[in-house]
Amino acid sequence: MKRIDKKPPFKVPDGYFTHFNQKLAKQIISINPINGFRTPVDYFQKVENQIVDRVNYSNPKTDSFKNYIWKAMAVACVITLFFINKKTAIQQNELVEFFIEDYLITNSTYDIAEHSDYSFEMRNFIENYESIAIDDALEIKLYGETPTNLNLFDDE
Amino acid sequence: MKQQNQFIKSLLSPETQEVAFKKLLADYKERLYWHIRKIVINHEDADDVLQNTFIKVFENVSKFKGNSNIYTWMYKIATHESLNLLSKKSRKLGISNEEWIEKQADQLESDVYFEGDAMQLKLQKAIATLPEKQRLVFNMKYFEEMKYEKMSEILETSVGGLKASYHHAVKKIKHEINEPS
Chain S
1 MKRIDKKPPF KVPDGYFTHF NQKLAKQIIS INPINGFRTP VDYFQKVENQ IVDRVNYSNP
61 KTDSFKNYIW KAMAVACVIT LFFINKKTAI QQNELVEFFI EDYLITNSTY DIAEHSDYSF
121 EMRNFIENYE SIAIDDALEI KLYGETPTNL NLFDDE
Chain D
1 MKQQNQFIKS LLSPETQEVA FKKLLADYKE RLYWHIRKIV INHEDADDVL QNTFIKVFEN
61 VSKFKGNSNI YTWMYKIATH ESLNLLSKKS RKLGISNEEW IEKQADQLES DVYFEGDAMQ
121 LKLQKAIATL PEKQRLVFNM KYFEEMKYEK MSEILETSVG GLKASYHHAV KKIKHEINEP
181 S
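Taken in order, these protein sequences are the chains called S and D.
Going by the working numbering, the residue at position 35 of the first sequence is 35; the numbering climbs one at a time, nothing skipped.
Going by the working numbering, the residue at position 145 of the second sequence is 145; the numbering climbs one at a time, nothing skipped.
A couple of the hints might just be wrong.
Label pairs and their in silico Cβ distance ranges [claimed, not checked]:
#1 S:M73 - D:K150: 40 to 50 Å
#2 S:N56 - D:K171: 13 to 23 Å
#3 S:I69 - D:K76: 26 to 36 Å
#4 D:S68 - S:V41: 26 to 36 Å
#5 D:K65 - S:D53: 22 to 32 Å
#6 D:E30 - S:I69: 39 to 49 Å
#7 D:E156 - S:K46: 26 to 36 Å
#8 S:I69 - D:T129: 50 to 60 Å
#9 D:G66 - S:I69: 55 to 65 Å
#10 S:I79 - D:F143: 48 to 58 Å
#11 S:N85 - D:E15: 46 to 56 Å
#12 D:H168 - S:I69: 51 to 61 Å
For the record, the hints were derived by calculation from the structure and aren't laboratory data.
All C-beta atoms in this analysis are idealised placements derived from N, C-alpha and C, irrespective of residue type, glycine included.
Put together the whole structure using the sequences plus the hints.
So this is what it looks like as C-alpha cells:
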C-alpha cells in the first residue's frame, strides 16, 4: 500500500495566521460587553475619516458679509410688506366708504328700510333726513317708528 | 482648565484646527458613540447622530464658554441630537418617541449588531418601556456609572429629580424583567 501523506490537504489564505490576532482583537473590541451592542469591524476608524471629510476646515462657519446682506434684505422685505398691507387696508376702507355713499344715493329711504332689519341707527337716520328736526327724530326713535312708518314726502 | 482653554484655542486657530479636531475625534468618538447608541439603539441611527454631533461641535466651538468640561458639553450635544433624531423618526410614523424605541427594541433579536444574551435582550426591552427621561438617567447611571452632579449638568435637572427618576426606572425594570414572558 502506498504511504498516504498525512499532511492535511486544506489551504488557508496568504497571511491568514499573521493577521488573525489583529482581526480577532478588532471583533472583540467592537462588542460592548455590558449591553450586547456591537459595531461593524473597523467602524471607529472609518467614521473618523468620514467626519474629517465632512468638516470644512478652510471655511469655518462664521457670519460673513454675504450673510449680513441676506439678513438686511429679509428685514427690508418684511418692512415693505407691512407698508403694502397698510396701503391696501387704506384703499379697502376708501372703497367701502364709496360703496356706502353710492348705496345711499342710489336707493330711496323705503328701499333702504326694506333692505335693513329695522335696526336703524339714529346717526344714520339724521344724516339721511336732514330736513327732520332733531326733536322729531328723537320722538320717532322713542316710539319705535321706522322709516317705513313715516310719510316724509307727503304734504301734511 | 488651563489645558482645556489652550485646547479650545487650538480648535479655533486655522493653523492648528485640523490636528486639534482629529485629536478630539480620536479621544471621544467611542465614548460618545456608546452613549448615543444606548439612546437610539440602532447602529445606523447612532452613526448618523455621532457624525452630526461632531460636525455641530466643530461649527459651534467658538460658542463654548469653557465653564464646564468640553466632554460634558459634547455629551449634551450628543444627547440633544439623539433625542431630535428620535422625535423626527417617530413623527414620520405618527407615533411617540417611546413607541418608536419599543419598536427598535423588539427588533434587537434579529439585529446583526446585537450580540447580547437572553438576559441582556430582556434588559434592553425593559429599558425601552421607560419614559424618555428615566431611560436617559438609567443608561447614564447604570451603564456609564455617571455621578448625579455630572448628570445634572448634562440633563439640566436637579440631583434630587435625577435620583427619583433612577429609583422609579429601577423599580419598573425589575418589574418588567420579573414578569413571566
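Practice task
Against the earlier hints, flag every one the structure doesn't satisfy and list their numbers going up.
Solution key: 2 and 9
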